[in-house]
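Asker: Sequences listed follow chains A and B, in order. Under my numbering, think of the first position of the first sequence as 692, with each following residue one higher. Under my numbering, think of the first position of the second sequence as 10, with each following residue one higher.
Take these hints with a grain of salt, some might be off.
[Stated by the list, open to error] Calculated lysine-lysine pairs in the DSS-like style (CA-CA distance at most 30 Å, straight line): (1) B:K314 - A:K728; (2) A:K764 - B:K18; (3) A:K719 - B:K35; (4) B:K40 - A:K751; (5) A:K728 - B:K118; (6) B:K40 - A:K700; (7) B:K248 - A:K728; (8) A:K710 - B:K203; (9) B:K18 - A:K763; (10) A:K710 - B:K18; (11) A:K710 - B:K35; (12) A:K719 - B:K18; (13) B:K18 - A:K700; (14) B:K11 - A:K751; (15) A:K700 - B:K118; (16) B:K40 - A:K710; (17) B:K11 - A:K719.
[Claimed, not checked] Every beta carbon over 10 Å from chain A, so not counted as near; a handful from chain B, in silico: (18) L37; (19) G38; (20) R149; (21) V186; (22) D211; (23) P249; (24) E257; (25) Q309; (26) S319; (27) L334.
FYI, nobody ran anything at the bench for these hints, they're computed from the structure. A virtual CB, placed ideally from N, CA and C, is assigned to each residue, including glycine.
This is what each chain is made of:
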Amino acid sequence: MATYEEYLKVFCETLEIEKESALGATPKTVENWDSIKQMALVVTLEDTFDIELEPDDIMKLNSFEAGLEVLKKYGVISVS
Amino acid sequence: MKVDRLSTKIYSRLGQTSAVAGYAMKELGTKYDDFFVAYADSIAIAKQNNFQTLFPEKVVNVGIAEQSLVGIAAGLAGLSEGGCYAFTYAAFITLRAMEQLRIYMSYQKRNVKLVGVFGGYTMGTLGVSHWTPEELGMVRLLPNIIVCTPADATEAIKMITASYDVKSPMYIRLSGVENCPIVYTEDYQFRFGKAMTLREGDDVVVVANGLMVNEALQAAKIMDSHGIRCGVINMHTLKPLDTEILSEYARKARLIVTVEEGSVVGGLGGSVAEYLSGKREHVPLLRLGASDFQARLGSQDFIWKQYGLSSACIADRILERMGELQ
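The following block holds chain A by itself, in its conformation from the complex (with noise of 0.2 Å):
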């Protein structure tokens, strides 16, 4: 099971962010988050966390509470 912290580096490393400026992050607020950085996103999570994400899920990973949301899915992140 992967920690939140895990999850936080993965996000803001793909999308090239500081961990200060994730929280609430969304395409809105991030720059680099562009059609490419969502799917290179996509791919980061489904490597890093051994799964594979539905089409469904893809579409609503649109902020980073979104993201931690879907991991939570997938029940592969605790989150204390």
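Let chain A serve as the given structure and place chain B on it in line with the hints.
Answerer: For chain B alone, kept in the frame of chain A given last:
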């Protein structure tokens, strides 16, 4: 560009066209100020909305007019050191604009990089108007033009990035859509005109390009189980053809096989046949691709199967020919 296991997965998921837009064109746009990119109302088709936003001064959209696209691209190439890229459907940028390719690009040696997206049978369900079994062979006929097609999304990025430094007319066919098969998982040096040996083997050597490289690699694994050592070469550049590597394998292999997502007339099979025919002695050649009949409408896979272009069919055809040669 980064080439490792994870990044190649990302490129593959994006497919050749999006990977080119998101990585290669973005890199070129960031590094160089001296080139244009022209479209025939095809910015979205080429997945380059973001490029247009980032570099609006480089973008020229001529409307749905492919013949004008090629002519205008040739003109723009004369105004800029870095030349002009032109993106739209492979079928229309070549077949519809062949005279403009010939007169404005080829004969005048203009630094235009034509990039045909959704080439081969990618757009299978849209019918013959959107298929391009002939375009590589047709463009190859023209002088001065480099003709190439990448094996996977990683190679597509490398090809477009490398193309900037080649001040010559060029046609690049992109065909792998989303979830494009991965051929390269490690970095390598890409050079136009220099084919890559992906698998050693000297009983049979399969020379493939585009998406057929992956099918050839799969077919080669099947050949292993029959005790046949099967090499695979990625002939990403159709023109100029890497005759050095062909010459090497023509000396040691018992059979050379070409596999392409296009007509066996004039394309890769035709090019290799022309080269081998000039040798005093040469190895037998089996050409696999779209044979001289029109396939029925359907998905890309469905069309490939009709032409025997799946890995299993390729292996069967090779085994059959090997049997005849014994």
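Asker: Evaluate each hint against the coordinates.
Answerer: Against the structure, the hints come out as follows:
Taking the CA atoms of K314 of chain B and K728 of chain A, the gap is about 35 Å. The hint is violated against a cut of 30 Å. As the CA atoms of K764 of chain A and K18 of chain B are separated by approximately 23 Å, the hinted pair is consistent with the 30 Å bound. Our distance criterion of 30 Å between C-alpha atoms is met by K719 of chain A and K35 of chain B, whose separation comes to about 20 Å. For a cut-off of 30 Å, the pair hint linking K40 of chain B to K751 of chain A is broken: about 34 Å separates their Cα positions.
A hinted pair counts as satisfied when its Cα atoms are at most 30 Å apart, and K728 of chain A with K118 of chain B does not qualify at roughly 37 Å. With a C-alpha separation of about 29 Å, the suggested pairing of K40 of chain B with K700 of chain A holds against the 30 Å cut-off. Annotation: proposed proximity of K248 of chain B to K728 of chain A is violated, straight-line Cα distance about 34 Å (limit 30 Å). Of the pairs offered as hints, the one joining K710 of chain A and K203 of chain B is violated, with about 44 Å between alpha carbons and a cut-off of 30 Å exceeded.
Taking the CA atoms of K18 of chain B and K763 of chain A, the gap is near 23 Å; set against the 30 Å cutoff, the hint holds. The hinted pair formed by K710 of chain A and K18 of chain B meets the criterion: a straight-line CA distance of about 25 Å does not exceed 30 Å. Distance check on the hinted pair: K710 of chain A and K35 of chain B sit about 25 Å apart at the alpha-carbon level, within 30 Å; holds. Distance check on the hinted pair: K719 of chain A and K18 of chain B sit about 26 Å apart at the alpha-carbon level, within 30 Å; holds.
Between K18 of chain B and K700 of chain A, the direct Cα distance comes to roughly 19 Å. Compliance with the 30 Å bound is thereby established for this hinted pair. With a CA separation close to 27 Å, the supplied pair K11 of chain B and K751 of chain A stays within the 30 Å bound. For the suggested pair K700 of chain A and K118 of chain B, the alpha carbons sit about 50 Å apart, so the restraint of at most 30 Å is broken. Under the criterion of a C-alpha separation no larger than 30 Å, the hint pairing K40 of chain B with K710 of chain A is consistent with the structure, at around 28 Å.
Under the criterion of a C-alpha separation no larger than 30 Å, the hint pairing K11 of chain B with K719 of chain A is consistent with the structure, at around 26 Å. Interface exclusion of L37 of chain B from chain A stands, the closest Cβ pair being 15 Å apart, more than 10 Å. Non-interface status of G38 of chain B relative to chain A is upheld: no Cβ of that chain comes within 10 Å, the nearest being about 13 Å off. With 10 Å as the threshold on Cβ separation, the claim that R149 of chain B sits away from chain A holds: the shortest Cβ distance comes to roughly 32 Å.
The beta carbon of V186 of chain B is kept farther than 10 Å from every beta carbon of chain A, the shortest such distance being approximately 13 Å. Every C-beta of chain A lies more than 10 Å from that of D211 of chain B, the closest at about 37 Å, which supports listing it as non-interface. With a closest Cβ-Cβ approach of about 32 Å to chain A, P249 of chain B is found to remain outside the 10 Å limit, as its non-interface label requires. No Cβ of chain A approaches the Cβ of E257 of chain B within 10 Å, the least distance being about 38 Å, so the stated non-interface status holds.
Chain A leaves Q309 of chain B outside its interface by the beta-carbon criterion, the shortest separation being 20 Å against a cut-off of 10 Å. S319 of chain B, annotated as away from the interface, keeps every beta carbon of chain A farther than 10 Å; the closest lies near 24 Å. Look at L334 of chain B: its CB is around 44 Å from the nearest CB on chain A, clear of 10 Å, so calling it non-interface holds up.
This entry does not satisfy hints 1, 4, 5, 7, 8, 15, going by the numbered hints stated previously.
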